[in-house]
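Novice: Spelled out from the first residue to the last, the chains are:
Number of protein chains: 2
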Amino acid sequence: MTTTLLSSHNVTSLFDSVEAFLFDCDGVIWKGDKLIDGVSQTLQLLRSKGKKLVFVTNNSQKSRRQYAQKFLSLGISVTEDEIFSSSFAAAMYLKVNDFPTEKKVYVIGGEGILEELDLAGYTGLGGPEDGKKHVELKSDSLFEHDKSVGAVVVGLDRYINYYKLQYGTLCIRENPGCLFIATNRDAVGHMTDLQEWPGAGCMVAAICGSTEREPIVVGKPSPFMMEFLLQKFEVSTSKMCMVGDRLDTDILFGQNSGCKTLLVLSGVTNQSTLEDPSNHIQPDYYTNQVSDLLDLLGS
Amino acid sequence: MTTTLLSSHNVTSLFDSVEAFLFDCDGVIWKGDKLIDGVSQTLQLLRSKGKKLVFVTNNSQKSRRQYAQKFLSLGISVTEDEIFSSSFAAAMYLKVNDFPTEKKVYVIGGEGILEELDLAGYTGLGGPEDGKKHVELKSDSLFEHDKSVGAVVVGLDRYINYYKLQYGTLCIRENPGCLFIATNRDAVGHMTDLQEWPGAGCMVAAICGSTEREPIVVGKPSPFMMEFLLQKFEVSTSKMCMVGDRLDTDILFGQNSGCKTLLVLSGVTNQSTLEDPSNHIQPDYYTNQVSDLLDLLGS
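If you're matching them up, the sequences are chains A and B in order. The first sequence: position 22 = 35 (the working numbering), numbered continuously. The second sequence: position 55 = 68 (the working numbering), numbered continuously.
Derived by calculation from the structure, the hints in this document are not laboratory data. The beta-carbon is built from N, C-alpha and C at its ideal position, and this holds for glycine as well. Check before you lean on any hint, since a few could be wrong.
[As the list claims (entries may be wrong)] Below are the SDA-like pairs computed for lysine to any residue, each with C-alpha atoms no more than 20 Å apart in a straight line:
(1) A:Lys151 <-> B:Gln208
(2) B:Lys151 <-> A:Gln208
(3) A:Lys151 <-> B:Leu48
(4) A:Lys65 <-> A:Gln208
(5) A:Lys146 <-> B:Leu155
(6) B:Lys44 <-> A:Val148
(7) A:Lys44 <-> B:Ser152
(8) B:Lys151 <-> A:Glu124
(9) B:Lys65 <-> B:Glu247
(10) B:Lys62 <-> B:Ser30
(11) A:Lys145 <-> B:Tyr172
(12) A:Lys47 <-> B:Asn23
(13) A:Lys64 <-> A:Ser90
(14) A:Lys145 <-> B:Lys146
(15) A:Lys151 <-> B:Val148
(16) A:Lys65 <-> A:Phe112
(17) B:Lys245 <-> B:Leu66
(18) A:Lys151 <-> B:Lys44
(19) B:Lys146 <-> A:Gln208
(20) B:Lys151 <-> A:Lys64
[Stated by the list, open to error] Between beta-carbon pairs, the in silico distance windows are:
(21) B:Gly51 <-> A:Glu157: 24 to 34 Å
(22) B:Asp159 <-> A:Glu149: 24 to 34 Å
(23) B:Arg60 <-> A:Glu115: 55 to 65 Å
[What the hints assert, rightly or not] Selected chain B positions facing chain A (Cβ under 7 Å, derived; list incomplete):
(24) Gly63
(25) Ser152
(26) Thr182
(27) His203
(28) Met204
(29) Thr205
(30) Ala219
(31) Gly222
(32) Glu225
(33) Arg226
(34) Glu227
Here chain A stands alone, though its shape is the one from the complex:
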């Protein structure tokens, strides 16, 4: 399989065959808190041509409501219904699997997960709050955990500590049937403009290491979010195009679901990584950035 540079020769055929564009956010729409050049105008063009827009992000720090606010603060109007974040996916996974509301959910991760759990009718514990807690390792002290926790959700956690690692580990090892859910397994992400930082894959691996269990992954490239997308947007996946900056999450997610795929080089993947012989994930098309769509369609 080979990939093709998006050009004025092929952009119309892609554009015409696609009813819904699915966008990753970090590295595609924005970097940190800065909008990538030309994104706003490109999204406007797509909407004006009747294309459906969907935003699919592995970042679990925010809830859908908080993402809609972030879009608005950057001058882009997006509804909550158009946003599929891994924080939302974690809550939806519990919902579709009839997770009992009397059970609790321990969260290693951000506020967004707790908010989505709450909106879905679940009681979340942990999260940023437990970042302030310390452990006492006196020989006869007992670290107590809530026996009614039935699921541990792990996402990117900038306040990770030994307290949370022990809490999540105890729930998974000792509470019978306790689920271990990962929002995603991204190794690193652009937490700041200048650098990549450990992503959810770091915290998820830590809990794998202490529990010797593998998680249920709800974010990209797991097809779980696509099931929801398909219920909401009555578009066949062959008429969707997944636009992302990561081969192993975005592009693989699109391919696993039968979407067309477009890699943008504005995020974590550069052209040499794409063309490296060790890379086996080839998008249908690649281009520098989202606004190339605007330029190529306009030309």
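Keeping the supplied structure of chain A fixed, place chain B upon it in accordance with the hints.
Specialist: Just chain B now, with coordinates in the frame of chain A:
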């Protein structure tokens, strides 16, 4: 392969064929800060019969000097030369591989690793000190790391935080040729009498998750420590008996090295785990605790 309960019928044959007894510490000699019953008398008997004693621990929290002090505080006289800790093994790995002394070593782990690095002539960074540090995630801020770090050593770290995870990750991802060394990969350990807590396997996995690299493991079951042991103690491995409480570290380490193996049920492994069909690691012998040797030999 099957295992045999240590009994008055077979203890003499084991005892007579062994010149050196290798003991794991946590769950074998002590639990937390408490000596396990009868250990002191058993070690005395073995010494009086001319057996060599060696203590091989994956716990990297302490240096060999600190372990000798701990033994002394529990009323047992052990020399530093008889102790092989994974903190020491990490420093020795660098030494035998001619790691240049002008390069630095970043430590995610305890004071013991820093002390062993220092004794081996290396400059360690990080460790408990970095447990107090916080990260600033302003969009234009740059997290600086020392470009002269040539190795990251990861062990059990009760003060793990996002700062250390980012520091270790940057060194491994960005410093050319930077080594990633794990003291060990134990999932959990008895940090307190009443409970198990996440072990070095948790922090090591976290760094695997963010770097997408696999570590060089120097502790059990890696045979690395045995090479040192063999230089020090001129005893063939067939005349050694590894006594431990963990199948996947102690017993596997003994078996990988050609030692006889004796599992004690005074630590993390119970009889049902040993006999579970999913367990494929069978020690030569098993018994409740170290002092059974004393009782059986005396009877």
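Novice: Determine for every hint whether it applies to the structure shown.
Specialist: We went through each hint and held it up to the structure:
no.	hint	verdict
1	A:Lys151 <-> B:Gln208	11 Å, holds
2	B:Lys151 <-> A:Gln208	11 Å, holds
3	A:Lys151 <-> B:Leu48	15 Å, holds
4	A:Lys65 <-> A:Gln208	32 Å, violated
5	A:Lys146 <-> B:Leu155	27 Å, violated
6	B:Lys44 <-> A:Val148	19 Å, holds
7	A:Lys44 <-> B:Ser152	9 Å, holds
8	B:Lys151 <-> A:Glu124	18 Å, holds
9	B:Lys65 <-> B:Glu247	10 Å, holds
10	B:Lys62 <-> B:Ser30	13 Å, holds
11	A:Lys145 <-> B:Tyr172	12 Å, holds
12	A:Lys47 <-> B:Asn23	73 Å, violated
13	A:Lys64 <-> A:Ser90	15 Å, holds
14	A:Lys145 <-> B:Lys146	13 Å, holds
15	A:Lys151 <-> B:Val148	29 Å, violated
16	A:Lys65 <-> A:Phe112	32 Å, violated
17	B:Lys245 <-> B:Leu66	12 Å, holds
18	A:Lys151 <-> B:Lys44	12 Å, holds
19	B:Lys146 <-> A:Gln208	18 Å, holds
20	B:Lys151 <-> A:Lys64	35 Å, violated
21	B:Gly51 <-> A:Glu157: 24 to 34 Å	32 Å, holds
22	B:Asp159 <-> A:Glu149: 24 to 34 Å	33 Å, holds
23	B:Arg60 <-> A:Glu115: 55 to 65 Å	58 Å, holds
24	Gly63	35 Å, violated
25	Ser152	4 Å, holds
26	Thr182	5 Å, holds
27	His203	10 Å, violated
28	Met204	5 Å, holds
29	Thr205	6 Å, holds
30	Ala219	4 Å, holds
31	Gly222	3 Å, holds
32	Glu225	5 Å, holds
33	Arg226	10 Å, violated
34	Glu227	12 Å, violated
Of the numbered hints stated above, those contradicted by the structure are hints 4, 5, 12, 15, 16, 20, 24, 27, 33 and 34, listed in ascending order.
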